[in-house]
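Colleague: This is what each chain is made of:
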Amino acid sequence: MPAETHVERGDFGPDDVLAVIRERLAEILEIDDDVITRESSFAGDLGADSLALIELVEVLEEDIGERTVGFTFDDEDLAELHTVGDAVDYVMARLGAAG
Amino acid sequence: MTADRITVAIDAMGGDNAPGEIVAGAMATVAELDVAVRLYGRAEDIMAHVPGGRVPDGVEVVDCREVIAMDDEPAAAARRMKDASVVRAAQAVRDGDADAMISAGNTGAAMAAALLRMGRIRGIARPAIAVPIPVPGSHPQVLIDAGATVDAAPEWLVQFARMGRVYARVRWGIEEPSIGLLSNGEEEGKGDTLRKTVFDLLRKEPGFVGNVEGSDLMRPGRADVFVTDGFTGNIALKSIESALRSLANLVFSVLESTEEARAASTTVLPMLLEAAEAYDPDLTGGAVLLGVKGVCVISHGSSTAPAVVSAARVAGACVRAGVVQQLRETVTDAG
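In order, the protein sequence lines correspond to chains A and B.
1 is the number of the first residue of the first sequence in the working numbering; add one for each residue after it.
1 is the number of the first residue of the second sequence in the working numbering; add one for each residue after it.
Read the hints as simulated data drawn from the structure, not as lab findings.
Warning: the hint list may mix true and false statements.
Claimed, not checked - Covered stretches of chain A (chain B as the covering partner; in silico rule of three or more C-beta atoms under 8 angstroms from a C-beta of chain B):
#	stretch
1	12-20
2	26-36
3	82-95
As the list claims (entries may be wrong) - Here are the simulated SDA-like pairs of lysine to any residue, each with C-alpha atoms no more than 25 angstroms apart in a straight line:
#	chain 1	residue 1	chain 2	residue 2
4	B	K293	B	D4
5	B	K293	A	A26
6	B	K82	A	T72
7	B	K196	B	F231
8	B	K293	A	E61
9	B	K293	B	S265
10	B	K293	A	D49
11	B	K82	A	G70
12	B	K293	A	R24
13	B	K82	A	E66
No residue lacks a Cβ here, since even glycine has one placed at the ideal position from N, Cα and C.
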């Protein structure tokens with residue numbers, strides 16, 4: 001985690017992270033966000049390939065970075081994110097570690 | 001970047017002949033076209049190929065230290081290597097430092113860099129590469145996708161069709177371009193599962209004329225836009241290029257085969273060479289990545305200096321024609 005990271009979490013909880021991920025993923029995949037749930041797998045259920053995932057990561061870093069300076073995904077961890085829930089938990093863990 | 005002179009960001013490190021041929025192409029571009037060039041790459045490598053070590057007016061060298069290799073995983077590399085020449089070129093377009101970018105390097109990396117830095121047009125899930133296929137006596141056909149997305153969902157091919165139609169209209173002035181779905185037979189029901197699904201989706205699209213075959217490429221009349229996935233499209237494109245090269249080699253070998261043929265070639269050869277220019281990818285080339293919020297021209301990996309000039313010409317034409325704006329208005333509305 002970058003040393004300069006600091007967090008303004010407020011009430012930014014897992015449901016908020018899920019909402020951001022659903023909105024952004026729907027835009028990237030050009031699908032309805034109704035079909036995106038915590039349980040959705042990126043590849044199997046949503047058809048998101050590595051490029052779509054990286055696009056998601058970049059926009060999340062931008063979105064969440066607006067409230068959490070220096071928030072980033074570690075590239076080494078991306079292979080472990082199989083479902084939307086994995087991504088939510090990952091973001092929350094990163095925010096928690098920073099907070 | 002000025003209001004009237006187009007600036008093109010060129011990935012100097014991309015391609016089999018980089019940076020030498022790319023730098024030479026950049027110099028020729030500035031000399032031949034009303035275009036300014038920003039060259040992205042390792043400054044010392046670029047400068048080694050600048051004649052006399054003096055950068056001419058209209059050319060700016062932008063030093064960046066990383067290079068994405070042909071065997072790098074494109075998306076990961078484009079994210080990780082933020083100082084890579086192709087990434088910086090894409091960023092220049094996003095930041096308004098250039099009107100268009102050109103790369104002859106790793107196609108996937110160019111697509112990923114353009115997608116991540118410029119962003120995607122709303123209504124387009126995946127960008128696609130549109131390639132002009134020369135047609136004797138007529139305007140070119142548009143082959144889309146020629147290799148950007150090898151595993152495409154059916155809905156994406158519909159988006160490719162819409163983009164190809166806009167591109168054909170804007171670039172060649174075809175008022176109502178016709179769309180054909182590249183398949184293994186023209187009858188309805190031909191093709192694999194993807195083709196059959198796409199066929200049903202395309203029924204509702206204006207200009208759809210049904211299935212077309214590989215043999216309809218380079219022949220006028222059947223369709224203006226050939227829609228396919230990137231896997232099939234790339235094979236079709238490479239097959240055409242290879243067949244044309246083989247044909248040219250055959251003709252040249254025949255013209256060298258006997259005394260009479262050599263005598264005839266003094267008359268025939270200049271005419272053949274002139275005619276062949278219309279089919280030379282180096283002179284007509286410049287595939288355009290459609291679906292991102294900027295002009296991105298992808299030149300083939302073995303690009304020489306003339307190919308860079310040709311790509312810059314295509315980039316300039318796309319900028320002047322407002323291809324991206326037309327796509328944003330038309331495809332987003334159609335979404």
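Colleague: The structure should be examined with respect to each hint, and the outcome stated for every one.
Modeller: These are the hints, each one checked on the structure:
1. 12-20: It is violated: at least three residues are needed, and the stretch 12-20 of chain A offers just 0 whose Cβ sits closer than 8 angstroms to chain B.
2. 26-36: With 4 residues in contact (Cβ-Cβ under 8 angstroms with chain B), the coverage given for the stretch 26-36 of chain A holds.
3. 82-95: violated (count 0)
4. K293(B) / D4(B): holds (20 angstroms)
5. K293(B) / A26(A): holds (18 angstroms)
6. K82(B) / T72(A): Satisfied, since the Cα-Cα distance of roughly 14 angstroms is no more than 25 angstroms.
7. K196(B) / F231(B): Judged against 25 angstroms, a Cα distance of about 17 angstroms means the pair holds.
8. K293(B) / E61(A): holds (20 angstroms)
9. K293(B) / S265(B): violated (48 angstroms)
10. K293(B) / D49(A): holds (21 angstroms)
11. K82(B) / G70(A): holds (16 angstroms)
12. K293(B) / R24(A): holds (17 angstroms)
13. K82(B) / E66(A): Cα-Cα ~20 angstroms, so holds.
When each numbered hint is compared with the structure, violations occur for hints 1, 3, 9.
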